[in-house]
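Trainee: Each chain is listed here by its residues.
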Amino acid sequence: MKKIATGNKAVAEAVKQVRPDVIAAYPITPQTEIVEQIAEFVSGGELKSRYIPVESEHSAMAACIGASITGARTFTATSSHGLLYMHEMTNWAAGARLPVVMANVNRSLGPGWNIWAEHTDALQERDTGWLQVYVSTVQEAYDATLMAFRIAEHNDVLLPVMINLDGFLLSHIMQPLDTIDPGDFIPPMSLPHAIDTKNPAGYGGLTGPDQQFRVRWDIERSMRDAVKVIEKTQEEFAKRFGRKYGFTEDYLCGDAEVIIVAMGTLGKEAEVAVDMLRQEGVKAGSMRLRWLRPFPKLNLKGKQVVVIDRDYSFGRGGILATEITAQTKEQVASIIAGIGGQEVTYEDIADFVRHRCMGTEFWFGVDKYV
Amino acid sequence: MRIRSPPLQELDTIAEIPKEEYVLKCTSACAGCSDSLALRYVLKAAGPDTVLVVPACCTSVIQGIWPNTAFNVPVYNIAFGAAAACASGMSNAFRAAGKKTNVIVYAGDGGTLDIGIQAMSGAFERGTDFLYICYDNEAYGNTGMQRSGATPLGARTTTTPAGKTDAKKDIDAIIAAHDPPYQATAAAAYPQDLFKKVQKALTFRGPTFIHVLAPCPPGWRYSTEKTVEMGKLAVKSGMWVLYEREYGRLTIGAQSKAAMKKPIPLEDYLAPQGRFKGIDAKTVDIIKQRIARNLARLAAEEAAP
Amino acid sequence: MFEIRIHSRGGQGGVTAARLLALAAIYDGKYATAAPFYGAERRGAPIVSFVRIDDKPIRIYSQIRKPDMVVVLDASVMDVVDVLQGLKAGGKVFVNSQQKKTFSGYVSSNVDLTGIALKENLVVSGSPILNTPVIGALAKMGIVSVESAKKAIREMFTDERNVKAAEAAFREMSA
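Chains as they are written, first to last, in the numbering used here: chain U, 1 to 370; chain P, 371 to 675; chain C, 676 to 850.
These are calculated hints, taken from the structure and not from any lab test.
The structure displayed is predicted, hence computed values, not measured ones.
Just so it is clear, CB atoms sit at the ideal spot from N, CA and C, and this is done for glycine as well.
Errors might be hidden in some of the hints.
Covered stretches of chain U (in silico footprint by chain C; criterion: 3 or more residues with CB under 8 Å from a CB of chain C, positions within the stretch not fixed) [said to hold, decoys possible]:
no., stretch
1, 169-179
2, 269-280
3, 339-345
Some, not all, of what chain U presents toward chain P, calculated at C-beta under 8 Å [as the list claims (entries may be wrong)]:
no., residue
4, Asp21
5, Ala63
6, Cys64
7, Gly66
8, Gly204
9, Gly205
10, Leu206
11, Gln211
Residues on chain U that point at chain P, a partial pick, calculated with CB under 7 Å [what the hints assert, rightly or not]:
no., residue
12, Ala67
13, Glu88
14, Trp92
15, Pro200
16, Gly202
17, Thr207
The following block holds chain U by itself, in its conformation from the complex:
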């Protein structure tokens, strides 16, 4: 069905169709609309989930964990400080192999209080064992939320999935949305280690130095197996519903000499910059990274790479740039732009390419082009 929705509403619509058994969430700007919409669905009887209005994000994730281990399908949503506050429990959810699905509306971190888009919140969760996908349109937010449940609950994965959407830029923009009936695309959840009082077991007790590495390796193994599950899920989604998604969204990369790599809405707007650059005779392309974990093999051979990070790791650099330089020997120009919602236009992005200084870092708004 064709309609118009914000990114937040699109996530809530997808959740309604997947019908989690338990939803526990705490409001935070700019995610609040997701929680409000879900609460409205539940109170209106459109969604038959148990909705737990918890007193904190730490408890939101703990409640999802407690519900999930019984075999229940669970969902939560958060942003920024909420995500940081649940950090202990995000680790727990992944470690306990629970397919919790969470939408994170990317927002900067305080101080100062800044409610606008930045990816540093989710990137601080990079090493927790969560799968992470970054979306760029309202439709993609919806589609990725649907697929997240199937991927997380797949028994070759059994890891939580985080859907990331840019605060305000995507969470609050109105765009066309085509909703679908997922039908049996998302099979019923079947958790192999669900609590069974007839077959009692201990979960997460003392684990010694002779065992812990095995448990952690198992997470890594599933993270690797997740690559195939993601591919298959996206393939089947395309076959059934006609919308194609990959680990990256590549735009005119084939013959490109320089490729812009970015995530979220910046990655989409980069396509407009590519069009401008092509008109100027610059063979540019755009590779929007969708899945950060598991991190895909990027085909950047022989290209100059301009990475735009809406995030930063102090003392090291742009996090995405760091990930990419670890994978490829190609020359990388690292751009730090869009921090705390800093306005970045397609013209700015084209400038990043025009003035690219390979092997260096450029803070937009701070550094000057040479």
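Based on these hints, arrange chains P and C on the given structure of chain U.
Mentor: Relative to the frame of chain U, chains P and C by itself:
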């Protein structure tokens, strides 16, 4: 608004304690541990259709080392501050699936009075259908006795080497402020009483709370064989009061009633414990005054129409 | 691509106007996005929202710097904000006002949306509703079709007075 439902069954007689064991003979508990003693009766009362939610505490240790477990019910271990929130998700999921499985948080005093209090308050406020049991050994026991909010005035711990200068936090009053349908105190030294209270708590829908005194030989520094005696001395001296509060109505237990009439000297309780060694007379006096005030307050509440 | 910047004050419905306009454009078979520029949510503070309409999917998320059209829902905003900033030469300016406003080098128009809202008794918490009548005025200017404008209003509001107000604005539109 909370809908108050009557207990599903009245327990007018003391049920025979079942022979089934859910705490098996292979725990890694210290000798004389009253956490495991209490848990044995808790699980006998709750029966097999029960899940324990356990935050970091002695019980995380005594269940054994993965992949083994000494408990014959499912145990879900969760982070220190998250037990009540985890249980609230679990309870909701069970109820959504039409299951009546008991969800019991079994947490120490640190995980209840300190780091877990926010999650617990939230779960009680939301009317979560679960039983929260705080077994109280009055310090962080499994990490070697550091002070907690439950450590009594004057007690030495590794972080209060000169004796604690602050009084014990009144968690029962905090719970009472949430107006749960049922709350009680108990002691590992009175297993029949504990058994009965757990059975009763599980007949209510909504959040219920039992605060169990759990003396700890290495932590309190008394000899292991005195664990039961220590709990009894706590009750007889009035330092620990056994009661139930059902829909706000307080009933003080017979053992504590007797202690109120004719208490043993507080010194009889303090002297055998190394943690109170060297406590000054002034501090003992303050503790006595606090006990008297607490007993008077409870007596007045029970007597009120 | 046709880019519109809407100026209003917090609580006047500028964000909803942008959403209605985008929805109407989608009903016209076009692609559209509506994006508010959010700050802290304060009533009465000057705010802007953006609408983009195109024949192709829209890939731009940054703010509109060179609009084709500026819509001013509250003329008093013009005292504190340069509403013409970046407006393309020959671009359109619409102001909610009884008086005709002319801006040299631009195509100016105006309708008394406040008067229409008051006449239709479209008042919420003491404030006249401007977001539905403005869609009528914009339909007259050919930004969206009348049919789609009404359909969008009916999709987002159940009160038929909103459609009436849009129709009144359509009739009163000077241009």
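Trainee: Going through the earlier hints one by one, which of them does the structure break, listed in rising order?
Mentor: Hints that this structure does not satisfy do not exist here, as all of them hold.
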